[in-house]
Amino acid sequence: MPTRTPMEVSIAVAKAVQQADVDVIAAYPITPQTHIVEHLSELVANGELQAHFMNVESEHSAISAMVGAAAAGASTFTATSSQGLALMHEILFIAASLRLPIVMVVANRALSGPISIWNDHSDIMAERDIGWIQVFCETGQEAYDAILHAFRVVRDPNVVLPMVVNIDGFNLTHVIEPIYLFEQEELGDYLPEHRQSLKLDIDHPITMGPVGIPEVYTEAKKQVEDALINSKQVILAAWQEFGRRFGRAYAPIETYRVEDAQILLMTMGVISRTAMGAVDRLRDAGKPVGLIRCRLWRPFPLPEFREAVRQASIIAVIDRHISLGAHSGPVGQEVRSALYTLPNRPQVFDFVLGLGGRDVTVHDFLEIVELAEQYATQGPPESEYTLIGLREV
Amino acid sequence: MKIALESFEKFDPQHLPEFEPLAPGHRACQGCGEVLALRLAAKALGREMMVISATGCMEIISSAYPQTAWRVPWLHVAFENTAAVASGVEAALRIMKEKGKIARDDIPILAVAGDGGTADIGLQALSGALERGHNFIYLCLDNEAYMNTGIQRSSLTPYGAATTTSPPGKLSMGESHFKKDMPAIAVAHKIPYVATVNPAFYLDLMNKVKKASLIKGPAYIHAFSPCPTGWRHEGRYAVKIARLAVQTRVFPLYEVINGKYFLNRKISKPKPVREYLKLQRRFAHLTEEDIEIIQENVNNEYDRLLRLSQAVDLESKLTTSFQEYIDQLKLQMDEAYQKLRAEFQHT
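Quick note, the sequences are listed as chains Z and G, same order.
Whatever position you read off the first sequence (first residue = 1), add 4 for the working numbering.
Whatever position you read off the second sequence (first residue = 1), add 290 for the working numbering.
Keep in mind the hints are simulated off the structure, nothing from the lab.
Virtual Cβ for every residue (Gly too), placed ideally from N, Cα, C.
Be careful, since some hints might not be right.
EDC-like, lysine to aspartate or glutamate: derived pairs with alpha carbons at most 20 Å apart [claimed, not checked]:
1) G:Lys389 with Z:Glu46
2) G:Lys506 with G:Glu524
3) G:Lys391 with Z:Glu52
4) G:Lys460 with G:Asp617
Here chain Z is said to cover these stretches of chain G; the calculated rule only asks that three of the stretch's residues, wherever they fall, bring their Cβ under 8 Å from a Cβ of chain Z [stated by the list, open to error]:
5) 407 to 418
6) 491 to 500
Far from chain Z, some chain G residues (derived; all Cβ distances over 10 Å) [stated by the list, open to error]:
7) Glu308
8) Asn371
9) Thr519
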């Protein structure tokens, strides 16, 4: 049996990267991802991980160096947050288009301005369309497992795409939690060796990153889209195999007490734990409330999502990002469009909360359920979304 | 490093390698001096190398899918990150060789960018890669403006040049700043090798690129790259202008090896800069006074380089005379010792 050791989640994440035997790590300091790469640099310094640790001069160069290293056939890892992710923006699309199997942790943090080092999802929500596989984690154990899944998935010859593992900054990265860490032998061949067929190779010279003239650009984009959509079956298989081998099963849409639930809360990431507390209280009071949590964000698991909400009459979607000038948050928009073409669809109400590290409490979820019921019976609110906990200024 | 340079076999003009890593049939303009410099640099490295390219003319003219002019591995990612990408490639080869995943990590990596991609938007990434000491060759193809986007000025556009964003007008004489000294910025990183090259001096160019590939650590090569389209000269004058740039001391050819300057081609009787300027319509609006300012700047820059290279001579002279002094001292001591010994034996 693997040992369950209390440790900081960032340390467990670094451990998973070590177990994946990465070749090149590039990193630039930004809070709150720092503990992950600090620990990795220690592992390299002590000879416990044979890898090249690059202290680059910006996140833009971190992702660029990862692209170069991956193009040369190396297994690569980097981590960032917030402004760092925003600085990487232009290269993220290129990494997907070049079909490079890079794994990156985003320790989710609010985007400036005003500058904030604290947790929300505004950094990654600005990067929804980059063509990377994207998952969100709820616990430290899941974060550790997700890194192992990520390396298995991106190394699959049917995927060969980059992947983001989202881990809520501070609220998850800095939490100390008992985590089961595998011994390397236990992992066995769950993690395949990193082998890349298309790479920079003097014996088989290829041109990578050519100009896409109007006659080919559309098709090139469609190929990335197809690869991303098709990656889902590999991701699901990787999770099933993980469950078979190690007893922890994962699904693209997780559910909690959804039996006969009329009202569903929908969350992503670490606040799902708090939402469960609210569901328990409401269930104890006899209210048919359940929770669904979106783990796989890209590619969006449309059939699984539709199936999960089939019986509900109300969905209260939680957004941790404010989409300025739009009518609701990004997850709210996604959910509404996912349901729009269905003949019988639940009512969707969108709630934005927990911005820039504002505490999210059980009471917030109780209020959300109450408001959602109120909107359903007395008519929707003036605004298409509701900002929870907004103080008068 | 010294050994690598001493045993370094120079190119023979009669037996140049036939293999062209950058194939003919690309889409560069007629008379493009930039593609000439790139072709020669690639030719110097041969079949076993990798090219990392910035966005720019050289990228678009050589890679429009489904065609490619590259017979060697080639990677283009973006505009400003060429040095960072190249450093990732180099790090990957090194660690994968160390882990036994690949056979070789001694494959030259040629990172190529223009003057804008080097001195402006790519300067930070270049500085980072030079400081980290990656084993790669960075080639700046300097055609003195953003030619690919339509001749906008860069920080390497020369004083007085007309570009589409530094046009001469009632209140303007064209570009109002002198060029940034990019090789000196590279030298400031204390890298082992910095050199300037010019496609009109093709053997010098090829030898310097080859030399750079033999040196362990970062090498920075700054290539003069005439652009008929942007400089507004006839295509047939590209090489002539390139040659004049050296003959007028506008673009001196030099190397900086471990911080020491070597002026490769001393121009004792320079032609006036006017001869270089008059073939290019980007300078056509300049007044006599403007040309005087340019001539003075060229003189000063050349003098500075000359003094820097003479500093090396002086240093070697000092070293030599110090050695001579020590040898003499040894001799004197020896004599004194023998004398003493003789006296001792005598008594």
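Status of each hint after checking the structure:
1. G:Lys389 with Z:Glu46: 19 Å, holds
2. G:Lys506 with G:Glu524: 40 Å, violated
3. G:Lys391 with Z:Glu52: 18 Å, holds
4. G:Lys460 with G:Asp617: Violated, at about 69 Å.
5. 407 to 418: Coverage by chain Z holds for the region 407 to 418 of chain G (4 residues, Cβ < 8 Å).
6. 491 to 500: n = 0 at 8 Å, threshold three: violated.
7. Glu308: 17 Å, holds
8. Asn371: 4 Å, violated
9. Thr519: 18 Å, holds
Hints 2, 4, 6 and 8 from the list above are not met by this structure, while the remaining hints are.
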